[in-house]
Amino acid sequence: MSMTLVQVVVSGLLLGAVYALFSSGLSLIWGMMNVVNFAHGDFVMLGMYAAVMVWTALGGGPWASAPIAAFLIGTLGIASYFLLVRHIMRGPMLAQILGTFGLALFLRYGALFAFGANFKTLPDNLVGHSFVLGSIRFEGARVLAGVVGVVVTLSMHFMLTRTMLGSRMLAVSEDATAAQLMGIRPQRMQALAWAIAGAATGIAGALIAMFFYTSPTVGETLSIIAFVTVALGGFGSVLGALVAGLLIGVIESLSAYLIGPVYKDVIVYSVFVLVLWFRPQGLMGKT
Amino acid sequence: MTSPRRLLQLAFLALILVYPFLVGDSAVYQRLGALVLLAAIGASAWNIVGGYAGQVSVGHAVFFGIGAYASVTAFAHAGLPPILGAPVGMLLSVLLAAVIGVPTLRLSGHYFSMATIAVGELVRVLSSTSEWLGGAQGLGGPPMPRTVFDLSFLSAMPYYYIFLAVLAGLLGLTWWIERGRMGFYLRAIKDSERAARSLGVSAGRYKLYAYMLSAAFTSLAGSLYLCMFGFVDPESGFGILISVKMLVMAALGGAGQLFGPLVGALILVPLEETSNSLLGGQGAGITFVVYGAIIVIIARFLPNGLLSLFERRPTAPTQAEPAATTPASGHAD
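Residue numbers (the numbering used here), protein chains in the order written: chain B, 8 to 294; chain R, 9 to 341.
Calculated directly from the structure, the hints in this document are not laboratory data. All C-beta atoms in this analysis are idealised placements derived from N, C-alpha and C, irrespective of residue type, glycine included. Check each hint, because a few of them may be wrong.
For each label pair, taking beta carbons as the anchor points, the in silico distance ranges come out as [as the list claims (entries may be wrong)]:
1. R:G87 <-> B:G147: 34 to 42 Å
2. R:S210 <-> B:G147: 17 to 25 Å
3. B:Q194 <-> R:P278: 23 to 31 Å
4. B:P74 <-> R:F192: 52 to 60 Å
5. R:S34 <-> B:Q194: 50 to 58 Å
6. B:F122 <-> R:F161: 39 to 47 Å
7. B:T11 <-> R:E139: 27 to 35 Å
8. R:L16 <-> B:L172: 51 to 59 Å
9. R:S138 <-> B:T11: 25 to 33 Å
10. B:L177 <-> R:R114: 23 to 31 Å
Simulated pairs of lysine to aspartate or glutamate, DMTMM-like, Cα-Cα distance not exceeding 20 Å [as the list claims (entries may be wrong)]:
11. B:K127 <-> B:E227
12. B:K271 <-> R:E139
13. B:K271 <-> R:E243
Construct all of the structure, not just a fragment, from the sequences and the given hints.
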């Protein structure tokens, strides 16, 4: 009984690491530009389709699909920034929300048109086989996803906090005009943030495609998961997103196990509403 | 100077009044007219809180669905004409709006939009697990009209005039609010909530009033939808696309303008119906690709909607110029 519970928590943590990975991209953009990407879940969805395409066309596993998805979605991020986000950032609130929301609909239903409504899955044994460690069963794909999720999220965190480039990006998010006077180009840094966020999201999509159903509408749920994670972790904090992502993963798998699979979304959405109501700055957010 | 404009308005009004007779022998065009008006009711209701008060709700399907389900359960569980569920739905919607609104309206900008998305999805998932509401299959209204009160007609013409009457009432009410004290407060809150507060406007209370009023009419739109279509399931009642359509129509025409939502509905509903009938089953997908593209283009090039192109006062663009830079500092708090 208690062993089953440990099993549930472990698989929640592994899933949560992937949540953390794509949510940290949303958090980065949010913290830097005060722009919410309502299409974020749909970026993940496209990363999932990239993995499916790489498998069906080339027969490649996650080692091939993750870099390809990172490149494709990173490029999509840069394109979104230059063609859309740059222009709506300073516009009215309604235009900001509509802009990325329209992008979400465009990508979601474009994917429906291009790939069809049918669910697509990757073979179970794409990454090794499952193994048992102290009576807890580990599936190869989920372990890989969890480890890569944590490693990439942590490297994003260190890149932002410990390198020159990270300091430049931080400077732009604090005060774009002052940064410009110091010789930093704000637009280049902001485009870079979209590229990094897109790449992280693409990797997360390629990882999650190994054990999720890939469908055009999956982005809707993933967007909300990213919102919950960022809200819980504190807007703009990558480390916060990591902690919150793991927490959301555990909450989700515990509620699926204890209450029923249908209710796992209900619980996660409720957590979101409660966090926004009672602690809008997040668990680790400033002020 | 205003005379040609007034003539044009009167001609437009007359056209709307006799439209079903102009297309007399075409059931398709009569139905299209009714659908435009129904969509305009929903979008105009959204406009009160989303346009005038500037609180961008992406979860209005909650109220639409409550209206539709209140009507269908009035029939399915009590054998009453569906329209009798409408006042119950409106009352429930107003109460729920108060429950959601009190904590949620304190959130500014994006946070409010995200919270409404989450609440909307929460209600949709819960409704599909409820046996009483027919689960994922949904519920149907009267298969055959029993009395005229079932509001179940073969022709779309009665619906057209019912919807027109409701829309006229809603727009009249909106117009009255717009010109009064509350409209002034809402515009002040939309421009800068902090400034409005410092001038003594109790922003929270007026945002809540707008939200509750908006919820009531969105719910009525849901009940009317049920009367015409006779069926609702979680997706057609509480689906996020229902919320999206309302806000897109209002934003396309001009959010915060009296006739903005109607203009948006006049463009988008025929577009949707045409692409659905031309492309059949695949049409739904393409429709929303087009929707998405339209939304992106409005946001990028026409952030104030189509009606802003016909802005009456020539001073408006110059006033909007400094305002364009304020949101960057305005929502930073």
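Hints, one by one, checked against the model:
no. : hint                          : in the structure
1   : R:G87 <-> B:G147: 34 to 42 Å  : violated (58 Å)
2   : R:S210 <-> B:G147: 17 to 25 Å : violated (59 Å)
3   : B:Q194 <-> R:P278: 23 to 31 Å : violated (40 Å)
4   : B:P74 <-> R:F192: 52 to 60 Å  : holds (57 Å)
5   : R:S34 <-> B:Q194: 50 to 58 Å  : holds (53 Å)
6   : B:F122 <-> R:F161: 39 to 47 Å : holds (41 Å)
7   : B:T11 <-> R:E139: 27 to 35 Å  : holds (29 Å)
8   : R:L16 <-> B:L172: 51 to 59 Å  : holds (58 Å)
9   : R:S138 <-> B:T11: 25 to 33 Å  : holds (29 Å)
10  : B:L177 <-> R:R114: 23 to 31 Å : holds (29 Å)
11  : B:K127 <-> B:E227             : holds (17 Å)
12  : B:K271 <-> R:E139             : holds (19 Å)
13  : B:K271 <-> R:E243             : holds (19 Å)
Hints 1, 2, 3 from the earlier list are contradicted by this structure; the remaining hints agree with it.
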